[in-house]
Structures are given as structure tokens and as C-alpha cells.
Amino acid sequence: MASSATATATFTTLLLSSSFAAQCNISNHHRQSSSLFPAPKTPPLSIFKPLSLKLTPSFLLPKTSTFSSIPKSSESDAAVVDVELEPGNAEPESQFQSELEVEPEPAQVVEASKEEPKREEIFAVVMIGGRQYIVFPGRYLYTQRLKGANVDDKIVLNKVLLVGTKTTTYIGKPVVTNAAVHAVVEEQGLNPKVVVFKYKKKKNYRRNIGHRQPNTRIRITGITGYQDYPAVTLNS
Amino acid sequence: MNKKEILKLAKGFRGRAKNCIRIARERVEKALQYSYRDRRNKKRDMRSLWIQRINAGTRQHGVNYGNFMHGLMKENIQLNRKVLSEISMHEPYSFKALVDISRSAFPGNKHVVLPTRKVNVSSINV
Chain F
1 MASSATATAT FTTLLLSSSF AAQCNISNHH RQSSSLFPAP KTPPLSIFKP LSLKLTPSFL
61 LPKTSTFSSI PKSSESDAAV VDVELEPGNA EPESQFQSEL EVEPEPAQVV EASKEEPKRE
121 EIFAVVMIGG RQYIVFPGRY LYTQRLKGAN VDDKIVLNKV LLVGTKTTTY IGKPVVTNAA
181 VHAVVEEQGL NPKVVVFKYK KKKNYRRNIG HRQPNTRIRI TGITGYQDYP AVTLNS
Chain P
1 MNKKEILKLA KGFRGRAKNC IRIARERVEK ALQYSYRDRR NKKRDMRSLW IQRINAGTRQ
61 HGVNYGNFMH GLMKENIQLN RKVLSEISMH EPYSFKALVD ISRSAFPGNK HVVLPTRKVN
121 VSSINV
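Those protein sequences? They're chains F and P, same order as listed.
Residue numbers for the first sequence, in my numbering: 1 to 236.
Residue numbers for the second sequence, in my numbering: 1 to 126.
If you are wondering where the hints come from, they were derived from the structure by calculation, not from laboratory data.
Note that this is a predicted model, so its numbers are computed, not measured.
Yeah, the Cβ is synthetic: ideal placement off N, Cα and C, and Gly gets one too.
Don't take every hint at face value.
Just so you have them, the derived chain P footprint on chain F, three or more residues with Cβ under 8 Å [said to hold, decoys possible]:
no., segment
1, 152-164
2, 181-187
3, 190-204
Partial pick of chain F residues on the chain P-facing surface, computed with a CB cut under 8 Å [claimed, not checked]:
no., residue
4, Ile122
5, Val125
6, Gln132
7, Ile134
8, Thr221
List time: in silico DSBU-like cross-link candidates among lysine-lysine, alpha-carbon distance up to 30 Å [as the list claims (entries may be wrong)]:
no., chain 1, residue 1, chain 2, residue 2
9, F, Lys198, P, Lys42
10, P, Lys30, P, Lys4
11, P, Lys30, P, Lys42
12, P, Lys30, P, Lys74
13, P, Lys8, F, Lys202
14, P, Lys74, P, Lys43
15, F, Lys200, P, Lys8
16, P, Lys18, P, Lys30
17, F, Lys193, F, Lys173
18, F, Lys200, P, Lys96
19, P, Lys74, F, Lys202
20, P, Lys30, F, Lys159
21, P, Lys74, F, Lys193
22, P, Lys30, P, Lys11
23, P, Lys18, F, Lys198
24, F, Lys159, P, Lys42
25, P, Lys74, F, Lys200
26, P, Lys96, F, Lys173
27, P, Lys42, F, Lys200
28, P, Lys11, F, Lys159
29, P, Lys96, P, Lys74
30, F, Lys198, P, Lys4
31, F, Lys173, F, Lys147
32, F, Lys166, P, Lys74
33, F, Lys202, P, Lys11
34, F, Lys203, P, Lys11
35, F, Lys118, P, Lys96
36, F, Lys200, P, Lys43
37, P, Lys18, P, Lys8
38, F, Lys203, P, Lys42
39, P, Lys42, P, Lys11
40, F, Lys203, P, Lys8
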């Protein structure tokens with residue numbers, strides 16, 4: 001039985017292939033043999049963005065490693081709508097569900113045995129460039145421009161303020177000792193242009209300036225080093 | 001800016017302000033001034049929103065915002081309000097752990113009123 005994975009723009013269910021059940025995924029990178037569908041557009045999954053001004057992020061719970069191939073942007077104005085998979089099936093992480101401001105597309109979720117490699121269910125709060133971000137392995141992030149970092153550099157972030165897994169939380173005071181978040185620099189770019197227009201009325205003063213702030217896109221690869229820290233075990 | 005750029009920025013404006021250059025120019029200038037001002041206001045508004053959310057989250061556990069933050073400061077936990085509000089929304093167990101830490105560090109809540117459960121109106125037979 002061949003998996004009828006047609007790379008169409010719509011979400012369709014995969015037929016069962018021999019080794020694993022079909023799943024429905026959003027991905028624009030084909031990584032596994034059990035073909036994933038390229039999404040109609042590449043929706044960056046954004047999570048944990050403030051509600052009032054941007055779309056609420058939705059936490060995608062794929063059953064496969066599309067986690068690694070789904071870009072995620074936080075702290076950026078990429079307000080592209082993402083499609084949320086039904087989190088009801090395998091791996092419902094009750095702690096990680098988030099609300100959607102935009103209606104989620106009804107994803108046809110097919111029961112699936114999880115594909116390897118499974119994404120670890122862990123998150124961390126890390127401080128970069130004076131700002132704090134919640135990071136997940138496999139997602140990307142826009143931060144302030146990191147000077148001296150070239151593309152494809154491996155980066156270790158040491159200021160980890162909190163690490164959370166499904167069962168325990170490690171709360172740093174202020175930092176979780178020896179915890180490290182590994183990331184790879186993907187791109188050094190510029191933010192979208194903002195127009196800085198200054199105007200004083202009746203004084204004939206107007207200045208029109210455009211500004212693009214440099215940024216760096218990094219992709220989080222893993223979170224390590226937190227195991228020996230005194231933890232708070234949650235009753236989940 | 002020339003006319004084409006002004007009219008491009010004037011999309012969605014009301015009435016003649018989106019079509020006629022003389023009126024559009026004024027409105028666009030005003031819009032740009034507002035955006036300059038509001039980029040600064042946005043930071044204030046967001047912080048206020050985060051504080052409201054943290055307040056709501058902690059009051060569910062019987063602690064109010066002021067005492068919660070005081071306890072966190074005492075414990076030298078340096079999570080900022082943005083992250084705290086996200087945790088309170090999406091990671092309830094972690095947030096409860098934070099509230100417990102804060103409460104043990106600063107147990108100042110003697111008279112906090114927990115939110116009362118709302119009764120479902122439709123279930124009342126009148």
C-alpha cells in the first residue's frame with residue numbers, strides 16, 4: 001500500500017502506508033518518506049504572541065517531526081494565519097494548548113502512530129538581547145541582531161530562566177544553572193520597514209525617515225542541562 | 001513623498017481622503033504621526049495587558065498581582081510580565097508552581113477574595 005501523498009494544496013488524508021498510519025501535516029519541507037504535504041502557503045507557526053495586536057499563536061501539535069520543519073516566529077509581526085491541527089489525537093498536551101483568535105481549519109486528523117523523531121515536549125524561557133522569549137525545539141525566532149554571528153553558526157544561549165517539561169518545571173532564580181539552549185543562526189536580515197514621520201504643525205517642520213531594524217533569525221535545536229536543577233514536580 | 005506613495009498609504013481611508021490628493025495628504029500625515037506616537041504607546045498598552053492577565057491568573061489561586069510580583073522579586077525570579085502572562089495562559093501547572101513559590105516567599109494575602117463561581121443562567125428555572 002503506497003501512501004498516496006499527493007502534494008496538493010489542500011489537506012487530504014494520507015492512506016495508510018505499511019509502517020505508519022497516515023497523518024496530516026503542515027510542512028513545506030519534505031523530510032520523511034511518509035510524505036508530508038506542503039501547505040498552500042507556509043504558515044509560520046507563531047506561538048505566544050500578545051493577543052491584542054497580533055494573531056494569537058496556535059501551538060501546533062503534530063504527530064510527526066514536522067515540528068522541526070515548521071517555522072515558528074515569535075516576537076515578530078509575521079501575522080500569517082497558521083493552521084492548527086486537532087490536538088485531540090495522539091499527544092494531547094493539555095498543558096500546551098493555546099487559543100486561536102482565527103478559526104482553525106478543520107484538519108483532518110488521522111490517527112497515527114507517532115513518527116520518529118518525536119519532538120520533545122519541552123519549552124524554555126530564554127533571555128536574548130535583553131528580551132525574554134519562550135522557545136521550543138525546532139522552531140525559529142527573530143531576535144535582535146547578534147553581532148559576530150554568521151549564518152549556520154551554532155549558538156548556545158545560557159540565560160535560561162525557566163525550563164518546563166510535561167511533568168516538571170525548573171524555575172530559575174534567576175537562571176537555571178547549567179541549562180543551555182542550543183540554536184543555529186539561520187539568517188541575518190532586517191525587520192520590515194517602519195516609516196518614522198515627524199511633524200510639527202504650523203512650524204513647517206516635517207521629516208520623513210524609513211527605518212529597518214536588523215534582526216537575526218535563529219532556529220532552536222535543543223534544550224539541555226537542566227536535569228540537575230531542583231525541580232518543581234507538577235501533578236499533571 | 002510623491003502623490004502615488006501618498007495615495008498608496010491612504011488605502012482604506014474614508015471618503016475623499018483615499019482618492020483626492022489634497023485631502024489624502026493631510027490624512028496620511030496625520031496617520032503617520034499617530035503611528036509614531038502609537039509605537040511608543042503600544043509598549044505601554046501591552047504591559048498593561050500583561051499585568052491584567054497575570055492578575056487574573058494569580059487571583060484564581062488566591063493571590064493578587066501586587067503580592068505575587070513582590071514574592072517573585074524576593075525570590076529573585078526575573079521572568080518578565082510578558083512571559084508570565086503567556087505562562088499563565090498556556091502553562092497552568094507551571095504558573096501554579098510560580099504562584100506557590102511567591103506565596104511562600106511573601107504570604108501577604110489574608111483577605112483576597114477568590115472569584116465566585118458564576119451560576120449558569122439558563123439552568124435556573126423561573
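Tell me, which hint numbers fail for this structure?
2, 4, 8, 12, 17, 18, 19, 20, 21, 25, 28
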